[in-house]
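> The chain contents come next:
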Amino acid sequence: MNLILEPIVKILIVLFINLTLVSYLVLIERKVSAYIQNRIGPNRVGPWGLLQSVADVVKLFFKEDIVPKDANKFIHSLAPVISVVVAFSTFAVIPFGNKITLYGNEYNLVIADVNVGVLVILALTSLGVYGITLSGWSSNNKYSLLGGLRSSAQMISYELSMGISLIGILLMTQSMRLTQIVAEQGGYIFGFIPNWNIFLQPIGFIIFLVSTFAETNRLPFDLPEAEEELVGGYHTEYSGMKFGLFFLAEYASMITASAFIVTLFLGGWQAPFIEYFNFSPFVISLLQLSAFAIKVLFVLLFFILIRWTIPRFRYDQLMNIGWKVMLPLSLLNLIVTAFLILINIL
Amino acid sequence: MTFEEIVFWSLVLVSGFAALMVVISRSPIASALYLILNFFCLAGLYLTLNAQFIAVVHIIVYAGAIMVLFLFVIMLLNLQDETKLRERMNWKSFAAIALSILFLIELFYIFIIKTPTPKIPIHPSSKEIGTVEYLGKILFTEFLFPFELTSILLIAAIIGAVVLAKKKFELTD
Numbered sequence: 001m002n003l004i005l006e007p008i009v010k011i012l013i014v015l016f017i018n019l020t021l022v023s024y025l026v027l028i029e030r031k032v033s034a035y036i037q038n039r040i041g042p043n044r045v046g047p048w049g050l051l052q053s054v055a056d057v058v059k060l061f062f063k064e065d066i067v068p069k070d071a072n073k074f075i076h077s078l079a080p081v082i083s084v085v086v087a088f089s090t091f092a093v094i095p096f097g098n099k100i101t102l103y104g105n106e107y108n109l110v111i112a113d114v115n116v117g118v119l120v121i122l123a124l125t126s127l128g129v130y131g132i133t134l135s136g137w138s139s140n141n142k143y144s145l146l147g148g149l150r151s152s153a154q155m156i157s158y159e160l161s162m163g164i165s166l167i168g169i170l171l172m173t174q175s176m177r178l179t180q181i182v183a184e185q186g187g188y189i190f191g192f193i194p195n196w197n198i199f200l201q202p203i204g205f206i207i208f209l210v211s212t213f214a215e216t217n218r219l220p221f222d223l224p225e226a227e228e229e230l231v232g233g234y235h236t237e238y239s240g241m242k243f244g245l246f247f248l249a250e251y252a253s254m255i256t257a258s259a260f261i262v263t264l265f266l267g268g269w270q271a272p273f274i275e276y277f278n279f280s281p282f283v284i285s286l287l288q289l290s291a292f293a294i295k296v297l298f299v300l301l302f303f304i305l306i307r308w309t310i311p312r313f314r315y316d317q318l319m320n321i322g323w324k325v326m327l328p329l330s331l332l333n334l335i336v337t338a339f340l341i342l343i344n345i346l
Numbered sequence: 001m002t003f004e005e006i007v008f009w010s011l012v013l014v015s016g017f018a019a020l021m022v023v024i025s026r027s028p029i030a031s032a033l034y035l036i037l038n039f040f041c042l043a044g045l046y047l048t049l050n051a052q053f054i055a056v057v058h059i060i061v062y063a064g065a066i067m068v069l070f071l072f073v074i075m076l077l078n079l080q081d082e083t084k085l086r087e088r089m090n091w092k093s094f095a096a097i098a099l100s101i102l103f104l105i106e107l108f109y110i111f112i113i114k115t116p117t118p119k120i121p122i123h124p125s126s127k128e129i130g131t132v133e134y135l136g137k138i139l140f141t142e143f144l145f146p147f148e149l150t151s152i153l154l155i156a157a158i159i160g161a162v163v164l165a166k167k168k169f170e171l172t173d
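Sequence order for the protein chains is A and B. Everything in the first sequence is counted per the working numbering, starting at 1 for the first residue and increasing by one. Everything in the second sequence is counted per the working numbering, starting at 1 for the first residue and increasing by one.
No lab work stands behind these hints, which were simulated from the structure alone. Keep in mind that a hint or two might mislead.
[Said to hold, decoys possible] BS3-like mimics (lysine-lysine), calculated; alpha carbons at most 30 Å apart, straight line:
| hint | chain 1 | residue 1 | chain 2 | residue 2 |
| --- | --- | --- | --- | --- |
| 1 | B | K167 | A | K324 |
| 2 | A | K99 | B | K127 |
| 3 | B | K127 | B | K137 |
| 4 | B | K168 | A | K142 |
| 5 | B | K166 | A | K142 |
| 6 | A | K63 | A | K31 |
| 7 | A | K10 | A | K99 |
| 8 | A | K73 | A | K59 |
| 9 | A | K142 | A | K31 |
| 10 | A | K73 | A | K63 |
| 11 | A | K324 | B | K127 |
| 12 | A | K142 | A | K73 |
| 13 | B | K127 | A | K10 |
| 14 | A | K69 | A | K142 |
| 15 | A | K69 | A | K59 |
| 16 | B | K168 | A | K324 |
| 17 | B | K167 | A | K142 |
| 18 | A | K142 | A | K63 |
| 19 | A | K31 | A | K69 |
[As the list claims (entries may be wrong)] Short, incomplete list of chain B residues facing chain A, as computed with Cβ under 8 Å:
| hint | residue |
| --- | --- |
| 20 | Y62 |
| 21 | V68 |
| 22 | V73 |
Glycine included, each C-beta is placed from N, C-alpha and C at the ideal position.
Isolated chain B (complex conformation) (with noise of 0.2 Å):
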């Protein structure tokens, strides 16, 4: 194995891992601490495919600042184990299961067996490609206009937050 498939394949098992964990365990903050566990795992990924800027925008964006409000909530709401929530088995959930496993089946019968990945020769400019030079120049010529949309969108969400947070609720006995 060459150094970068055991980079590759250590990353890909422990972020499977850590999103199995996140689902699996009872303490909500275990899951947010797995979650955090993945985005680092994704975070690898994205350097491995010489995305530099996407791979720390993401750390930034998600486990900088999205999961310290998520585990923000969940100590101020001083949530307990989800004991009281434990979930029988019927025959729902066998379905569920069964399903899943058909659908894997499939996907994986589509993927690897009838259709097997070729190897897709590197482009010449790959390199380019993740830096930020390169995706600043190409945010603001080819897709500037997505691009401010988006920015849209992120400022009524801004707006939104405000007034939400701004409105005085009466409390009522």
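Bound conformation, chain A alone (with noise of 0.2 Å):
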């Protein structure tokens, strides 16, 4: 019975927290982006804004659904639900936490602690392109199709380099199971710089922290919804809660992406220098499920700061770093990292 009820519970919890968390991430990102642009932003629904975040829902689901008269009416629903599954259940095999006592039982905190996490989470990524081209083919829309075709050629251009800058943190490990690949950044470099990846793969990092951009479609490369140039995008024929969820799944994959460069590169729950402090087991483990939620907080408002700052790449310049830049760097990158590792530095 244990077997089935305590993934569920997991489960729930998880799913909550992302959900909360992407209604206050939008908000943080009209915030951020009003400070940058010398304004206030939203602060009319309860105290600072707080409750924009439920307005706008509350919005989304009033609205009127409009589905284009030659729309293929099943894949044009379809493909939003697509893209929230595919965002959501990336955070399935991403270690939170390390264990923790309740009542007697250790518990995990992972969901699902496979064999494969880091190729489960590159799947899943690889499928979210499905949602995206399927709505523009489906809205039967020149705008659209256009947005859908750019998505899935940025996608599978920048996956490549993706894929390969993390061959060097696998082979460092020597596994792909995510709770090993965090075990193995505990412990210090020179004895101060925490054991973290990102020091010992820098390179690496700036190829995968690159390329998540691309993948999740965010400034400066959201060309699949370049309103200059295509009106919406890929759903520009969207409405209503059919449109929410798109945003819903740009934000939650926003967030697993977050979680994923924050296991692979900067430590996942490892907290640096709290063993020099006499905390109990419990404290400990919170500790380092709060230094997990402040490292993801952290990426995640780098995210927005770059959306806000950074204009946005020209077509043929996003293909030009993606193949002649990235995927090079991250050749390099791999060929140096098995050296050493072969020379037994690393």
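Take the two lone chains, each set in its own frame, and fit them into one complex as the hints suggest.
This is the structure in structure tokens:
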């Protein structure tokens, strides 16, 4: 019984936290953009605009759902669902804490600790392209179709360098299990720098970060929905909650992407220097949980800041960076890492 | 029925249905989508066989890359439903149906009536077989030569694709 009940409870908790975080992420994004542009941002609904997200969701639910006349109705409804499912299910393999002991039972703070965790995430992110491509095609609109095609080309191009930049970490950890990758990042380099992969694989980290921006369709890589060229891109013909689902999927995939970056490069739930204090095991578990949360929030804030400071690339520039800069760099990184491991430096 | 059996049979039924719909459905996009569903069921079957690596790679390569390109092509060609291609039933199709049924009966006779499949006991080390570590070890020791041959084949395919893409076509009226 525990075998079934435990994952379900974990899934519900993670889903609840993710959904709440999505709605507040929208608000944070609007606030940050407002301060960057010397405005105040939403401040009418609730204190400091804190209830703005609630108002937004209610509005989306009550909006009329318009489907274009010649659209393929079934695929038109299926596409946002695919996007959301893919965005949320990635969190299943991400370890968000070490172990916690509640009422005498020890629980692992990860939903599914699978042997091929890294590959599962790559597989799920590569499926995200279906939501966008299908929505673009089924809307029967040329701008939507162009947006969908752009996104598939972009995601396929950046998946390559993303995957190859990860192999350096896999070589060092000798495992694809994400809990193992996090566990290896404990300890210190030279006794004071945390043994995180960002310090051991700086080039891999930068390539992975840039590819993540491209994979999540965020500025400066938001070509699939470039307003000036494509109206709204793949979701031009969506309205009401179906549009809301795409919005949800975008922010949810941002959260999972940040969590993935934290897990791989920023030490996951490892909180440095806590072993110098005499905390009880329960407090240590809580501190590790909050270390993970703080790191994820930090990466999310970085995502938002980048969006409002860097302009969009042109499409040919995007392809040039992907194939002629990122891919050779990631291959070079892989060869150098393999060589260093061979001569026992790493 | 045990839990495994329920999972197995539901995967089998769904994948069979999806495979059938790939052939039957008139719209090429629907066929492609059913094929993706079929790939997922196959990946699930691999998982029940404890082959996690194969299952995930199957999804990455087939569902995540190849089928995206298929969809790409179908969308760009803007294929209509294949109503124009509706085939007539003639003696060839009747013969094909009759032969297929005969073949099915033969298979049924050989594998189920004559030699029922014996229950193979689970090998003690079968838990290890599907893991990445095991596959990696075996690929780079016992099967190193075929593995390298495959990579040469892939490189040849990549170079071929680049040459074809670089080729400038003369437009003639």
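> Evaluate each hint against the coordinates.
So, going through the hints one by one against the coordinates:
1. B:K167 x A:K324: 20 Å, holds
2. A:K99 x B:K127: Roughly 25 Å separates the two Cα atoms, so the pair holds.
3. B:K127 x B:K137: Since the Cα atoms of K127 of chain B and K137 of chain B sit roughly 15 Å apart, the hinted pair holds (cutoff 30 Å).
4. B:K168 x A:K142: 28 Å, holds
5. B:K166 x A:K142: Roughly 27 Å between the alpha carbons, so the hint for K166 of chain B and K142 of chain A holds.
6. A:K63 x A:K31: 24 Å, holds
7. A:K10 x A:K99: The given pair, whose Cα atoms are some 13 Å apart, holds under the 30 Å limit.
8. A:K73 x A:K59: 23 Å, holds
9. A:K142 x A:K31: 33 Å, violated
10. A:K73 x A:K63: Holds, at about 18 Å.
11. A:K324 x B:K127: Status violated; Cα separation ~42 Å.
12. A:K142 x A:K73: Between K142 of chain A and K73 of chain A the Cα gap is close to 17 Å, so the pair holds against 30 Å.
13. B:K127 x A:K10: 26 Å, holds
14. A:K69 x A:K142: 14 Å, holds
15. A:K69 x A:K59: 24 Å, holds
16. B:K168 x A:K324: 22 Å, holds
17. B:K167 x A:K142: 28 Å, holds
18. A:K142 x A:K63: Measuring from Cα to Cα gives roughly 24 Å; hence the hint holds.
19. A:K31 x A:K69: 37 Å, violated
20. Y62: At about 10 Å, which exceeds the 8 Å cut-off, the nearest Cβ of chain A leaves the hint on Y62 of chain B violated.
21. V68: 6 Å, holds
22. V73: This hint is violated: V73 of chain B lies away from chain A, its Cβ roughly 11 Å from the closest one there, beyond 8 Å.
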